[in-house]
Amino acid sequence: MTSFKALVTLHLLHLSTALYFHIGETERKCFIEEIPDETMVVGNYKVQAFDHSVKDYIPVSRDIGMHVDIADPDEKTILSRTYAAEGRFTFTSHSAGEHVICLNSNSSAWFNAGQLRVHLDISVGEHAVDYQQVQAKDKLTELQLRVRQLLDQVEQITKEQNYQRYREERFRQTSESTNQRVLWWSIAQTLVLLITGFWQMQHLKSFFEAKKLV
Amino acid sequence: MSFSSSTRLPLFYSIDGSRLILLVFVFHKALSFPRESLNIVVPPMHNSCFSKTFTDKIKVVFEFSVVGGGNRDIDTRVIAPNGIVLYKALRTSGDELSFYTQDGDFRFCFRNQFSKITSKRVAFNIRPFEEVEPVVSGFNESMGVGGHGSVEIHCDNIHFLLGLVLDFQAKYMVRESSGRFLAETLQARVTYCSLALFVAVLVAGLGQVAVFKTFFTKRQASTKPVMSEEVDL
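Chains as they are written, first to last, in UniProt numbering: chain A, 1 to 214; chain B, 1 to 233.
Any given hint could be a false lead.
Said to hold, decoys possible - Chain A is faced by these chain B residues, among others (derived, beta-carbon under 8 Å):
(1) Thr-53
(2) Leu-166
(3) Arg-180
(4) Phe-181
(5) Leu-186
(6) Gln-187
(7) Phe-212
(8) Phe-216
As the list claims (entries may be wrong) - Taking CB as the label site, the calculated pair distances span:
(9) B:Met-45 x A:Leu-191: 43 to 51 Å
(10) B:Ser-150 x A:Leu-140: 15 to 23 Å
(11) B:Thr-55 x A:Val-54: 18 to 26 Å
(12) B:Arg-91 x A:Gly-97: 23 to 31 Å
(13) A:Thr-190 x B:Leu-90: 18 to 26 Å
What the hints assert, rightly or not - Per the computed footprint, the stretches of chain B lying under chain A, defined by three or more beta-carbons under 8 Å from a beta-carbon of chain A, are:
(14) 70-78
(15) 84-92
(16) 153-161
(17) 169-175
Source of the hints: derived by calculation from the structure; they are not laboratory data.
Note that the Cβ used here is the ideal one computed from N, Cα and C, for glycine as well.
Taking the hints into account, I'd like the entire structure generated from these sequences.
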């Protein structure tokens, strides 16, 4: 029980020291996560609003929520939900690539000019796993848990390397295509130049002959 | 752009396993926050700031890299809690710096105000200088360092080194991203440039002949009439 309490406080402490940024109440902020497939992403966030009487950011009392939109590499929405002012969103990627996470508050326009402070922490892959919970659920000994964590880590590395290989392949394709284009273009350009020059000569020759200049 | 890991790593090459264990535990104590790593898009004429609250004096590394957009440059600023600008770089494509924190909120700002059309994609991370992920947090407290068996210690080491591997992978990912962006820009440029050249060569070729022809027709016409026409040429 005490360890659970410690965990909860640790978690909250972590979020309060996480990065934060300011957005207007109608503004939208997007983050890109480039991740391999079958990777879990967990985002924790907390919204605070500027209070003019206290001159500081305080937890929102009004019913401001966060709308979270997540799009996969094919720009298909995989998550679109409105959460409370403090919470967590989770998703697992199905295809490798750039996932775009967008946050905006759900407040309507008549609230305008308000500034919000958003604390955000995004964990990817093995970092996103809560091992305390895993231990409690699967009744693992400490050693088993450590080995489990190592396994997860190795798996994450494998996935990332696979993804890296795929990206490298795509990169090489782009480079090779550029190379091909440059090559064919220089050949084509030389031909065009030769043909143009030849045509110029022929044309001018016949022109001069017709004008009786030569 | 230099990577701090390359300066950190040689430490481990020269030492044996037992020393490494010691180091790991020292790192455990020094650890104060997990790495923050984000990938953002800064729209044109915009300023995007992120803040982080620190409480202790620790050495922190801030690394950023413009992955894509325009000339891959951005104005970056790091501002200390007392308002002093710790770091300022105008129109750079990436850098890495370390500084000591103090109690308060540090601001990290990316400014794309000079750009009128292109938005910039920036990858950045903030991490402790001596970084290691905590093995399941709470272990050291519950067991004490002396309570660890050798298997656990080995697990810790493997965990630490795998963390380094992940770290490197993340770095290569950013590099690859910016490399790919460059390659794609190059390809687009090559395509448009060759199309433009194609048109230019044709226009020049046809134009030359046309100009040449008019030149001679006028010449021929101007041989007969009076001198006043010569002025026009």
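### Verdict for B:Thr-55, A:Val-54 (Cβ pair) under range 18 to 26 Å
Given a distance of about 21 Å, which is inside 18 to 26 Å, the answer is holds.
### Query
Regarding B:Arg-91 and A:Gly-97, is the given constraint of 23 to 31 Å on their beta-carbon distance met?
29 Å, holds
### Query
Is 18 to 26 Å right for how far apart the beta carbons of A:Thr-190 and B:Leu-90 are?
43 Å Cβ-Cβ, so the 18 to 26 Å window is violated.
### Message
Taking 8 Å as the Cβ threshold, is the statement that the region 169-175 of chain B is covered by chain A upheld or broken by the three-residue rule?
### Response
Coverage by chain A holds for the region 169-175 of chain B (3 residues, Cβ < 8 Å).
### Message
Restraint: B:Phe-212 near chain A, CB-CB cut 8 Å. Satisfied or not?
### Response
Result: holds, 6 Å to nearest chain A Cβ.
### Query
Does the nearest C-beta of chain A fall within a distance shorter than 8 Å of the C-beta of B:Phe-216?
6 Å, holds
### Message
Take the shortest C-beta to C-beta distance between B:Leu-166 and chain A; is it under 8 Å?
### Response
OK, holds: B:Leu-166 within 8 Å of chain A, min 6 Å.
### Query
Do the numbers back the hint for B:Leu-186, that is, is its least Cβ distance to chain A under 8 Å?
6 Å, holds
### Task
May I ask you to test the interface hint for B:Phe-181 with respect to chain A, counting a Cβ-Cβ separation under 8 Å as satisfied?
At 10 Å from the nearest chain A Cβ, B:Phe-181 fails the 8 Å test, so the hint is violated.
### Query
Three or more residues of the region 70-78 of chain B near chain A by CB distance under 8 Å?
violated (count 0)
### Message
Quick check on a hinted range of 15 to 23 Å for B:Ser-150 and A:Leu-140, using CB atoms only.
### Response
With a Cβ separation near 19 Å, B:Ser-150 and A:Leu-140 satisfy 15 to 23 Å, so the hint holds.
### Query
Has the region 153-161 of chain B got at least three residues whose CB is nearer than 8 Å to a CB belonging to chain A?
Result for this restraint: holds, n = 4.
Going down the numbered hints, you'll see the structure goes against 4, 13, 14 and 15, while the others check out.
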